[in-house]
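Chemist: Each chain, written out:
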Amino acid sequence: MPGPIWVHGELTPDGSLAKISTEVATLARDVGATSKRDVVGVIVGSDPKGAATELARYVPRVLAITEPATADHAAATIVGERLAELIEREQPDYVFTGAGPEGRDVAGVVGALTGWGVLVNAIAVRWEDGPVVDMSVFGGKLTTTSRFAGERGIVTVRPNVVTAEPASATGKVEAAAVSGALKLPLVKVVDRIAADDVAAPIEEARIIVSGGRGVGGPDGFGVVQELAAALGGAVGATRAAVDAGWIPYAQQIGQTGKIVKPALYLALGISGAIQHKVGMQTADTIVAVNRDPDAPIAEFADLFVVGDLFEVAPAILAELRARAG
Amino acid sequence: MRIVVLVKPVPDTASSGERLRPDDWRLDRAAVPAVVNANDEYALEAALKLTEAHGGEVVLLSMAPPSAPETMRKALAMGAASGMLVTDPALGGADVPTTVGVLSAALRDMEYDLLLAGADTSDGGGGVVPAGVAAQLGLPYLSYAAKIEPDEAARTVRVRRISPTGFDVLEAPMPALVVCTQALGEPRYPSLKGIMSARGKELTTKALGDVAGAEAGAPTTAVLAATAPPPRAATRVIRGPADEAAREVVAFLVERRIV
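Chains as they are written, first to last, in the working numbering: chain A, 1 to 325; chain B, 1001 to 1259.
Hints are computed from structural coordinates only; laboratory data are not their basis. These numbers come from a predicted model, not from an experiment. In this text, a Cβ means the ideal position worked out from N, Cα and C, and glycines have one as well. Treat each hint with caution, since some may be false.
[Claimed, not checked] Beta-carbon label-pair distances, calculated as ranges:
(1) A:Arg291 - B:His1054: 42 to 48 Å
(2) A:Asp47 - B:Ala1031: 49 to 55 Å
(3) A:Ala71 - B:Glu1186: 55 to 61 Å
(4) A:Ser168 - B:Asp1028: 55 to 61 Å
(5) B:Arg1239 - A:Pro166: 32 to 38 Å
(6) A:Lys36 - B:Ala1207: 55 to 61 Å
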């Protein structure tokens, strides 16, 4: 009997299931169907039940591990250690997780403790006698296709490459016990600070409206924010806008920020330098507004408006409102 | 205080020449100039600021091809005191477990209060190696740092970790591994003096056999193919008054079923 495919369920700060995990679970279910393998969700947390129930909408079986230490300690190392412990007992062949901050940390720990290979930043996974994984490298300039040399491994999956779909039947949640003392050092969370300018997470957004140097200052982001709100999207930014302090780093898209793949990327006052391009060029649709007709983004946008963003963006807003009636 | 920074030479993103050799699907290093990975520069900048404030020195560690010293000199020019490079033909195309294992083995012979790494690299960009190194060495792991505050007397370090809702303030004993982000502050440009002095700084090169406990394991993953993604469709350019342009934009979004 071949081993199951596991889905690591990530928790959000409020203890619910992260959106990325619903996407990873949907993908794993497809791979499980082709490979005729069981797909099992695994959640480790101080109160995993709610998230486990959510994950059970996507996969037939979910193991919920109650680990009190994650309540007031950095979670990823603890989660990774518990997963590795359970892997030894339950013998899955593959673990799928998200390629965001939490999933990467967990994959790194599980990889080190099991010695398994890791295929990172998957944009597609299919089954051909094992998972065959397409990965976007060099900022989307190339796609590599890889597989595991052996019959076990960890795959990290990019956000927004799969549309999450619940399974036809809801799965069952089982409590799984782990007993050993944690061996890796614990890192205390001494405080949690809620930032007052926290915005919608850009990695998960279907629509992103983004501002660059052309926005001119923090006030200029007003129109970016308004347009994002009207479209039901999130606000992104370039490194220049972040370094200038106009908008928090969490919203930066590009080489040293986040890599996004929304349905629509609306770029306002963004030239499209390579460091930004690598973060957004796989968006389904790219619309750009820039005064400079020779801006690099004109080369790879689907629609390029030559114009002043402070005239065009409000006009788009008005047009959207007129349509909405 | 002594800080080791993990640095990786990566192909220069701006060069656009990145390609994989069709015979073994490894990076064609001759086709593209190498630079210090951008996120590693943030880690190095953070390390330099910490040693400026607390005293001590910064040491670089890299596992990379034999051409790496050229790139590492740039990091030495920024202010690192010395560097160590582990390079070996057997490490070409090294996978995650081998990379984690070799870096960990090299670190067992080094002394440090803090070990800093960049959040990910611009080439493969998996972002999984630092967590693996911490797990292998049994170091406290503090990731996605926006601020690093060591307390030398207490032998602890506090890190502001970027969380989806703001920040978590983490605290752990030193030595610890901290993963650095751009939020720590812009890296400095090397001064002319820095560039001159970098030439004389110690850069030790070790082969796999010189690092106790390091080995190139059997590869756990294999590349089957590399392809360029399909080119995007031609750009439609709109010029004209803002209200007309806006109507066209919205019509385009409707046509694509985005709104």
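Chemist: Are the hints correct? Go through all of them and say.
Modeler: Quick rundown of the hints versus the structure:
1. A:Arg291 - B:His1054: 42 to 48 Å: holds, 47 Å
2. A:Asp47 - B:Ala1031: 49 to 55 Å: holds, 52 Å
3. A:Ala71 - B:Glu1186: 55 to 61 Å: violated, 36 Å
4. A:Ser168 - B:Asp1028: 55 to 61 Å: violated, 47 Å
5. B:Arg1239 - A:Pro166: 32 to 38 Å: violated, 46 Å
6. A:Lys36 - B:Ala1207: 55 to 61 Å: Since the Cβ atoms of Lys36 (chain A) and Ala1207 (chain B) sit about 46 Å apart, the hinted range of 55 to 61 Å is violated.
Of the numbered hints given earlier, the model fails hints 3, 4, 5, 6; all others are met.
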